[in-house]
Amino acid sequence: MESETPLSELILLVADGDRRALRSIYQRESTRLFGIANAVLRDRDAAADAVHDAFVRIAARAGQYDQTRGVASAWLGAIVRYAALDIARARGREIPSDDPALGDSAIAPEAIELLDAKAEGARLRACLLTLEERIRNGILLAFVHGLSHAEVAAKLGEPLGTVKSWIRRGLLRLRECLA
Amino acid sequence: MSATAMTPEERQALAAEYVLGTLDAATVRMVALAAALDPVLADEIADWEMALAPLQDLATPEAPPPELWDRIAGTLEPAAAPLPARRKASWFWPAWSFGATVVAGSLAAILLVRPPAPAERMMTVLLSSRDQPAWVVEADRAGLRLAALNPRAAPADRAMQLWALPQGATAPTSLGLIPRESGEVRVSASQIRPEPGMLIEITLEPPGGSPTGRPTGPVLFIGRLSPATGT
Chain D
1 MESETPLSEL ILLVADGDRR ALRSIYQRES TRLFGIANAV LRDRDAAADA VHDAFVRIAA
61 RAGQYDQTRG VASAWLGAIV RYAALDIARA RGREIPSDDP ALGDSAIAPE AIELLDAKAE
121 GARLRACLLT LEERIRNGIL LAFVHGLSHA EVAAKLGEPL GTVKSWIRRG LLRLRECLA
Chain E
1 MSATAMTPEE RQALAAEYVL GTLDAATVRM VALAAALDPV LADEIADWEM ALAPLQDLAT
61 PEAPPPELWD RIAGTLEPAA APLPARRKAS WFWPAWSFGA TVVAGSLAAI LLVRPPAPAE
121 RMMTVLLSSR DQPAWVVEAD RAGLRLAALN PRAAPADRAM QLWALPQGAT APTSLGLIPR
181 ESGEVRVSAS QIRPEPGMLI EITLEPPGGS PTGRPTGPVL FIGRLSPATG T
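If you read the protein sequences in the order shown, they are chains D and E. The first sequence begins at 1 in UniProt numbering and counts up one residue at a time. The second sequence begins at 1 in UniProt numbering and counts up one residue at a time.
Hints may be right or wrong, so weigh each one.
Residues on chain D that point at chain E, a partial pick, calculated with CB under 7 Å [to be verified]: (1) Thr-31; (2) Arg-32; (3) Gly-35; (4) Asn-38; (5) Ala-39; (6) Val-56; (7) Gly-77; (8) Ala-78; (9) Arg-89; (10) Leu-114; (11) Glu-120; (12) Ala-142; (13) Phe-143; (14) Val-144; (15) His-149.
For the record, the hints were derived by calculation from the structure and aren't laboratory data. Just so you know, even glycine gets a beta-carbon here, dropped at the ideal spot from N, CA and C.
Starting from the given sequences, assemble the full structure and let the hints guide the process.
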């Protein structure tokens with residue numbers, strides 16, 4: 001019945017050194033997590049490296065997981081995304097910058113409707129929609145596709161400093177909206 | 001960048017950009033380090049992670065290569081061993097995974113990469129009795145500087161006093177009281193000559209400091225200077 005064990009309990013088991021629990025997490029989550037890494041890196045080999053690194057971190061850090069600070073799947077996803085970003089940074093993030101598939105349309109407007117599937121996602125989407133479209137796109141390109149400030153600026157055809165302050169203001173507005 | 005030098009706005013923006021992923025590698029290291037020592041910053045980061053987590057669902061799920069689990073399991077063997085050494089420095093890891101020892105090592109690493117690196121730089125993190133990092137001490141032959149990582153003041157009717165005990169010495173030397181406001185102390189080489197292995201401690205004393213010239217109250221925080229260049 002392991003598929004019925006909540007992820008958060010599996011993480012607690014991993015903290016006790018239970019390798020089978022880690023494998024259960026992998027079996028249940030690896031498709032979603034690999035998707036997160038691959039969205040950042042757009043390179044299956046590099047994405048596999050990121051998921052590998054992330055699971056090593058999950059094994060080591062499971063004891064740090066705090067259920068009061070968010071759902072387990074988000075915790076796992078954040079570790080994978082950080083691992084992917086580390087790899088992107090180590091590569092100078094050259095991968096995404098000239099990817100023609102990554103235009104402003106990379107995240108189609110309907111895509112953020114995916115957020116409505118969950119209550120907290122719907123709330124975030126409503127707040128994202130209060131932002132100017134290019135700022136919203138900048139935030140999404142950075143979070144989902146791992147673009148740096150400079151790459152977002154290149155995509156949007158705006159000066160780096162402008163984009164930095166847009167994104168910063170956009171984030172702070174999001175926070176106010178979510179509060 | 002020290003955790004205490006950040007304004008609330010900077011802290012918030014840094015936490016947000018850390019989670020968004022737009023910061024460069026050097027800044028990420030500094031934020032991760034600062035968060036390890038600054039629970040308020042760590043909380044900000046956790047809040048942002050929670051706020052932006054729904055965006056994870058915008059990535060298209062995709063099956064990983066079939067051999068990936070075996071590779072992960074191979075890295076984690078033998079099961080009982082702690083984390084294997086990795087290619088990349090462990091300070092890329094999100095902050096709260098650090099133990100105090102690793103924090104001290106990370107600080108040393110940061111000092112190392114901070115250009116230009118003056119020779120004979122030393123540092124230590126003073127830990128509380130519960131091993132929480134509380135103060136950072138940086139030193140070189142010219143003197144020593146204490147800064148608060150998590151600002152905390154002594155009780156109103158008490159003062160915190162800084163001491164140094166050179167290796168082999170039998171009595172510590174007072175480096176003065178810690179100002180309640182700034183939590184920062186600078187000591188010149190004429191007062192103390194920092195050297196590796198020197199013990200640095202903070203004790204709780206009567207207002208105005210120890211009347212005897214020796215510590216009279218409990219040791220609140222303690223650490224030992226070590227070269228910032230070795231790992």
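(request) Hints the structure violates: just list their numbers, smallest first. (result) none
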